[in-house]
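Asks: This is what each chain is made of:
Protein chains: 2
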Amino acid sequence: MMNKVCFGVDIGGTAIKMGVFSLDGELLSKWEFPTRRENKDLYLQDIANEIKQKSTELKIDENDIIGVGVGIPGPVKEDGSVLELANLGGGNFNIEQELSKLTGLKVKAGNDANMAALGELWQGSGKGYRHLVFVTLGTGVGGGIVLNGNMLAGTNGAAGEIGHIYVNEEETDTCGCGKKGCLEQYASATGIVRIAKRLLQESQEESTLRTIENITAKDIFDAAKAGDVIAYATVEQACKYLGIAMAHVGQIIDPQAFVIGGGVSKAGTIITDLVQKYYEMNVMESLKKREFKLAILGNDAGIYGGARLILA
Amino acid sequence: MMNKVCFGVDIGGTAIKMGVFSLDGELLSKWEFPTRRENKDLYLQDIANEIKQKSTELKIDENDIIGVGVGIPGPVKEDGSVLELANLGGGNFNIEQELSKLTGLKVKAGNDANMAALGELWQGSGKGYRHLVFVTLGTGVGGGIVLNGNMLAGTNGAAGEIGHIYVNEEETDTCGCGKKGCLEQYASATGIVRIAKRLLQESQEESTLRTIENITAKDIFDAAKAGDVIAYATVEQACKYLGIAMAHVGQIIDPQAFVIGGGVSKAGTIITDLVQKYYEMNVMESLKKREFKLAILGNDAGIYGGARLILA
Chain A
1 MMNKVCFGVD IGGTAIKMGV FSLDGELLSK WEFPTRRENK DLYLQDIANE
51 IKQKSTELKI DENDIIGVGV GIPGPVKEDG SVLELANLGG GNFNIEQELS
101 KLTGLKVKAG NDANMAALGE LWQGSGKGYR HLVFVTLGTG VGGGIVLNGN
151 MLAGTNGAAG EIGHIYVNEE ETDTCGCGKK GCLEQYASAT GIVRIAKRLL
201 QESQEESTLR TIENITAKDI FDAAKAGDVI AYATVEQACK YLGIAMAHVG
251 QIIDPQAFVI GGGVSKAGTI ITDLVQKYYE MNVMESLKKR EFKLAILGND
301 AGIYGGARLI LA
Chain B
1 MMNKVCFGVD IGGTAIKMGV FSLDGELLSK WEFPTRRENK DLYLQDIANE
51 IKQKSTELKI DENDIIGVGV GIPGPVKEDG SVLELANLGG GNFNIEQELS
101 KLTGLKVKAG NDANMAALGE LWQGSGKGYR HLVFVTLGTG VGGGIVLNGN
151 MLAGTNGAAG EIGHIYVNEE ETDTCGCGKK GCLEQYASAT GIVRIAKRLL
201 QESQEESTLR TIENITAKDI FDAAKAGDVI AYATVEQACK YLGIAMAHVG
251 QIIDPQAFVI GGGVSKAGTI ITDLVQKYYE MNVMESLKKR EFKLAILGND
301 AGIYGGARLI LA
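Residue numbers (the numbering used here), protein chains in the order written: chain A, 1 to 312; chain B, 1 to 312.
Don't read these hints as lab results, they were simulated from the structure.
Don't take every hint at face value.
In this list, chains with the same sequence are indistinguishable; a pair is considered to hold if it fits within one copy or across any two.
Stated by the list, open to error - Straight-line alpha carbon distances no greater than 35 Å define the calculated DSBU-like cross-link-like pairs of lysine-lysine that follow:
1) Lys197 <-> Lys30
2) Lys106 <-> Lys180
3) Lys179 <-> Lys288
4) Lys127 <-> Lys108
5) Lys101 <-> Lys293
6) Lys101 <-> Lys288
7) Lys180 <-> Lys266
8) Lys289 <-> Lys101
9) Lys277 <-> Lys179
10) Lys180 <-> Lys197
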């Protein structure tokens, strides 16, 4: 193979996803394997081995590899050092230096949500934008910010931690982070289920949700679309808090567009429409009329972003 | 004069402040004159004339002028165009192009609060930082954000519009921007007086404030420091909302430090201490321990920032 390539790596708590990309953004090959999370030396060595093996398989000359971009679930400082990795165990090492030593390649790293943001900006629904906010709604709520085409890491790699924006003064339950009233308590898959259970308890209203034993976020969106009042109120409450949090983001960084991804976003435009409604209610006039889009790269956003990071 | 210099200009609704700076940040001369706000051609011509006159007076060779950095009270886009100027009248022109034509010099422009942020970063209490948030508490609440040493303008020049971050769901009064519950309704000089009047009405508590006919923000801070319960509750409420808004900023951009300026900030560390308290209550663990400082450049922050902008 004559053309230059780069690798994108997305380290997750369960699996590591990898992709080889042409420099103009074509995904040439992707694959994944379980994360050996016992310690970082194991999974970093696995990544190095996979790069070598895939290069042999695809007949990629080592000199044609521009580098490796890696997303990791935790804060990554600008110098490539990672702090504590709550979802992966361990932490406190320089992933760029260590993986570079193992591969002999240039390595750049960032937080996984920031990588997904970069990926959507490069080849996803954020294509053509320079200032973008990406929100991922899954088990938790993550976020990534791209300004002038570059991801924003912040002082301690914590920029874009949208899930822990404080949105409700009256919350009595405690968030995983120890605070009360974080966005994640409403707009994550578990948060949405929590809202529904509360509303079902507080109200006498009939609801198809009452017949379901283990309610999921998908059940709630399906019922909301079918006209279930409590389910719709649940979705509206989740989107209200997400819209308010996006309004805060808007007032602070004035982005061009918001892209919403993650498993929950599969519910579709019911989310973007409601979030945009509450966003517009809570920003100044000049910040209205921003784009709200659904992510399109799905689970591949992270590897796209990794590749884009090494090209920046 | 042999050394290179640059000009910093701060266009206000009442007066235009100007300064000549050495490239290492020494303020060589500063002066001000009334803003002829009837139309932009008048005040831009005034600025051009002042540059010429001051250059003659200080024997500055035109070739030694690096350029002119200008702050203006309104949104400025990255290309130097200004949108509507609420506090100045007019708008919708490219200030960089027009002033450059009049002076024959390189001109760069930004929002006045962003300029003050840059000024404090360069030669004020933000010296040494790269990621900084500046808040100015005056008649209104303004803000400016510096990331990686550069001011953040955003898509429409509205980045850092901290005064209109939504902080109180229960507010019934309407903010100047048309929304309800904006930070400016609590943390501006007028906002603080508004809180005090509310608390005085709602409570039977004795207060020295009851003896003052036209209460000012300064009266309230003085009384709070002297132990007046209602005055202290007022200050605490203003700082609570400011702390919450700063927590939002923290979660979103992860800055190194917050600098608080503007007339209200003359009340001193009572503000920074309380704001920091509520900030820390509302951010994730890794975002705590940030610096909260009072601005030190006062009304000169804008001209410093203008000069810094042209050097960037």
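Asks: Indicate, hint by hint, whether the structure satisfies it.
Replies: Hint by hint, here is what the structure shows:
Taking identical chains as interchangeable, the C-alpha atoms of Lys197 and Lys30 are never at most 35 Å apart, the minima being 39 Å within one chain and 64 Å between chains. When the C-alpha separation of Lys106 and Lys180 is checked against a cutoff of 35 Å, the pair qualifies neither within a copy, at 41 Å, nor between copies, at 50 Å. Taking the closest pair of Cα atoms, Lys179 and Lys288 come within 35 Å of each other both inside a single copy (30 Å) and across two copies (13 Å). Taking the shortest Cα distances, Lys127 and Lys108 sit within 35 Å of each other both inside one copy (22 Å) and across copies (29 Å).
In this assembly of identical chains, the alpha carbons of Lys101 and Lys293 never lie at most 35 Å apart, being 39 Å within a copy and 41 Å across copies at closest. For the identical chains of this complex, Lys101 and Lys288 are inter-copy neighbours only, at 33 Å across copies versus 47 Å inside a copy, given an alpha-carbon limit of 35 Å. Both within a single protomer and between protomers do Lys180 and Lys266 lie at most 35 Å apart by alpha-carbon distance, with minima of 27 Å and 33 Å respectively. Within a single copy, Lys289 and Lys101 get their C-alpha atoms only as close as 47 Å, which misses the 35 Å cut-off; across copies the closest is 33 Å, which meets it.
Taking the shortest Cα distances, Lys277 and Lys179 sit within 35 Å of each other both inside one copy (27 Å) and across copies (14 Å). Taking identical chains as interchangeable, the C-alpha atoms of Lys180 and Lys197 lie at most 35 Å apart whether they share a chain (18 Å) or sit on different chains (30 Å).
Comparing the model with each numbered hint stated earlier shows that hints 1, 2, 5 do not hold.
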